[in-house]
Amino acid sequence: MQTSAVSARRASIVAVDIHKSFFSGAVRVDVLRGVDLTIRAGEMTLISGPSGCGKSTLLSVISGLQPADRGRVIAQDTQLSRLTSAQLYRFRLEHTGFVFQGFNLFAALTAEEQITLPLTYMGFDRQRARRQALEALADVGMESFAHARPFQLSGGQKQRVAIARALAKSPRLLFADEPTSALDAENGQTVTALLTRIAHDRGATVVCVSHDPRMVRHADRVITMEDGEILNDTLSASAQFPRQNHHAFNA
Amino acid sequence: MMLASIWLQREWRNFVPAVLAVAFSCLMLALQAALVMGIFGSAAVYIHSSDADLWVGGPGTQSVNFGQPIGMNVESMLRVHPDVQAVEPYLWVDANWRGAPTPQAGAAVPVYVSGIEPTLQGLAFSRLLSADMRDRLNAPGAVIVDRADLEQLGTRVGERAWINDVAVDVVGAVAGLRALGGVNVIASMTTAREIDETDQGVRPTYLLVSLRVGADPITTRDALANQSGVGPYQVWTAEEFADQSERYWLLETGAGAAVLFMAAIVFIVGAVVTGQALVSVVARASREFAVLMALGVSRSALCRVVLVLAALIGLVGIVVGMLGTLLLFGLATWRDVPVGMNLSVAAVCAIAILGLSLCSGLFAMRGLVQAEPATLLR
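Quick mapping for you: the protein sequence lines, in order, are chains A and B.
Be aware that the first sequence starts at 1, since it is given in my numbering, and climbs by one per residue.
Be aware that the second sequence starts at 1, since it is given in my numbering, and climbs by one per residue.
Treat the hints loosely; a few may be bogus.
Said to hold, decoys possible - In silico contact screen, one side only, chain B against chain A (beta carbon under 7 Å); selected entries:
(1) W7
(2) R127
(3) L376
Said to hold, decoys possible - Here are the in silico distance ranges between beta carbons for each label pair:
(4) B:L358 with A:G34: 41 to 51 Å
(5) B:W12 with A:S154: 36 to 46 Å
(6) A:S170 with B:V345: 48 to 58 Å
(7) A:D201 with B:T375: 49 to 59 Å
(8) B:N342 with A:E94: 52 to 62 Å
(9) A:S24 with B:L323: 54 to 64 Å
(10) A:Q87 with B:L358: 24 to 34 Å
(11) B:T375 with A:G34: 18 to 28 Å
(12) B:T375 with A:V216: 33 to 43 Å
Note that these hints are calculated values from the structure, not bench results.
Note that the structure is predicted; figures quoted are calculated from it, not measured.
Cβ atoms here follow ideal geometry from the backbone N, Cα and C, with glycine treated the same way.
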C-alpha cells in the first residue's frame, strides 16, 4: 500500500510488539496486544477506534507517558524503556508536545505566560521565551490574546493557546488526544487544520487520537484500532503523493 | 518562582485560608514569646529599671528575689577600686501588705519591698522613678507601687496601708513595676529597714555599683571578684544578673518547658492547617501540573514551585501576623499586661513561621500526587 514517496519519509516512532494490561479488580484487561507500528515525520497520523479499543493507551506508551509491559518504543532514535525517569522528562522536554482534550490552562496565567512557563524549564531566558511564545500565538492566530487569561477566552481559543504551548518549543513529536471533541464545528475545523499544517510545514510527527470525522478527512494516515490491535492502516491520497511545495506555515 | 508569585498575586482569594493560618500561627507564637519575655523579664525588673553597671550580692544567688544579706565591709572594698564611681545599698524585704483600715484586718498580700536610696543620683529604679517620685520617698513610711497593683493591694494613692504591721503611705503609683511572684513596693532604705522583721540589721541585700565612663564592666567584675577578707559575695554585670534571674524563672520553674510545648503545638497545628489549605489549592491545579509534566517539567521542579508558593505564603502571613501582634501589643500595654519583644526574638519567631510554611509546603506536595500526565488521556 505504501508508495516509494511515503517510504522515503523518515520513521520517527517505531513501536514493536507493544503489550499493555490493566487490572480491574482481580480481572486482567489486555489493552494492547502486540501492536507493531511505524509513524513517520511530516505526517498527521490519526489513531481512531471505538471507546476502550486501546488508542489512548497506545498514545501514552509511544509518547513516553507510561511504559509498555512488553515490547519497545523507539522515538527519535531513542529507546524509551532504557531511559531513567529524569532522562525521560528531559526527552519529553526537548522533543514532545502534547495537546489534551481538556485545555488545562493555569487560571492565573495569561496566554503568553502559559507558553513561556515550559520554555523557562528548557533554559530559555525570559526574552527568548517571550519571543517564541508570541510567535507560537501568532502561528495559531491568537497573537491579539497574548494578555488574556483563560476565563476571557472561548473553548476554541483556549485549545489554540494549548496548541501554541505545545508548539512553542518546536517539538519533533506532537501528540494530541481528542483535541477537537470539546469544540464546535468551526473551532474543531481550525484546530484540525492547525495540526495538519504543523506536520506538513514543520515536518513534525503529529499523532492524534480521535473519532472526530473532521479529523479523519484531514489526516494523512488513519490507523483504526479494535480490542487492543490495529485493524486497519490507511494512507490518504495526499500522503501517498505528497506536495512538492510546502505552504508557508501562516498562509 | 514565576508561577508561584503570579499565582499568589492573581488568585489571592484561593490563598486567603493558608495566609490566615500562617498569620494566626505567627500571632500565637509572637504573643507567647512576648508574654514570656514580658512576664519572665519582669523577674529582672529591678535590674532593667536601674542604672547600675554591676550588682553585688550573696554567692550563688539564682534570681534577684532570692537575695541574702552581705557583709558591710564589701562596700568598702568596692569603693577603693579606681573604676568604681558610686556604690549604693539595696535592701530586699519579703513582707505582707494589708490595705484594710487596721493592721490586722483583711487578707495579707505578699509583697517584695525594695529599700533604696531615694537621692536624685540614686541608681536603683532610676529609669522608673522621676525626681519628684524619688523625693516623695524621703517622707517616713512613704511607698510607691505599680498602678496596676493598686486594686490587688486594696489601696489608692494618698491612702494609708500596713506592711508587716508598719504604717505606710502610698505616695505614688508608676507603670512598669509589675513582677513575677509578688507585688513590688518601693520604699526608702529607712522605711524598708523598719518594715524588715529579720535580724539582718543594716546589712544590705545587694550593692549597686556604677563605673566610671569607659570602664569595662566585665574587666571590673573580674577585678572585684575573689577579694579575700570581706566575707562571701558575688559580682555580676547587670546584664548577667538579669539573664540569670530570667533564666531561673523560665527554666527552673518548668514554665519554660510549658512554653516550649505550647510553641511546638502552635507549630504543628499551624503547619497542618496551612498545609491542608495549600494542598487543596495545589490539588485543584493538578491537571495543569500534569500537562507541565507531560511537556517534560519534572515532578521535583513542580515540588519546588509548591515550596516557593509556601514560602511566599509564609512571608505574607508573617507580615499580617506581625501587624496583628503589634495591635495586640498596644492593647496589652494599655492594660498594663507585661509584654516584651526584641529584634532577635522577632527574627526567631519569623524564621520559625517560615519553617512552618515550608513544612506545610512539604505537606501540600501530596496535591501533586494526583498530577499524573497519563491520566489526562481519556
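Does the structure break any of the earlier hints, and which numbers would those be? Of the numbered hints given earlier, those the structure breaks are 2, 5, 7 and 12, listed in rising order.
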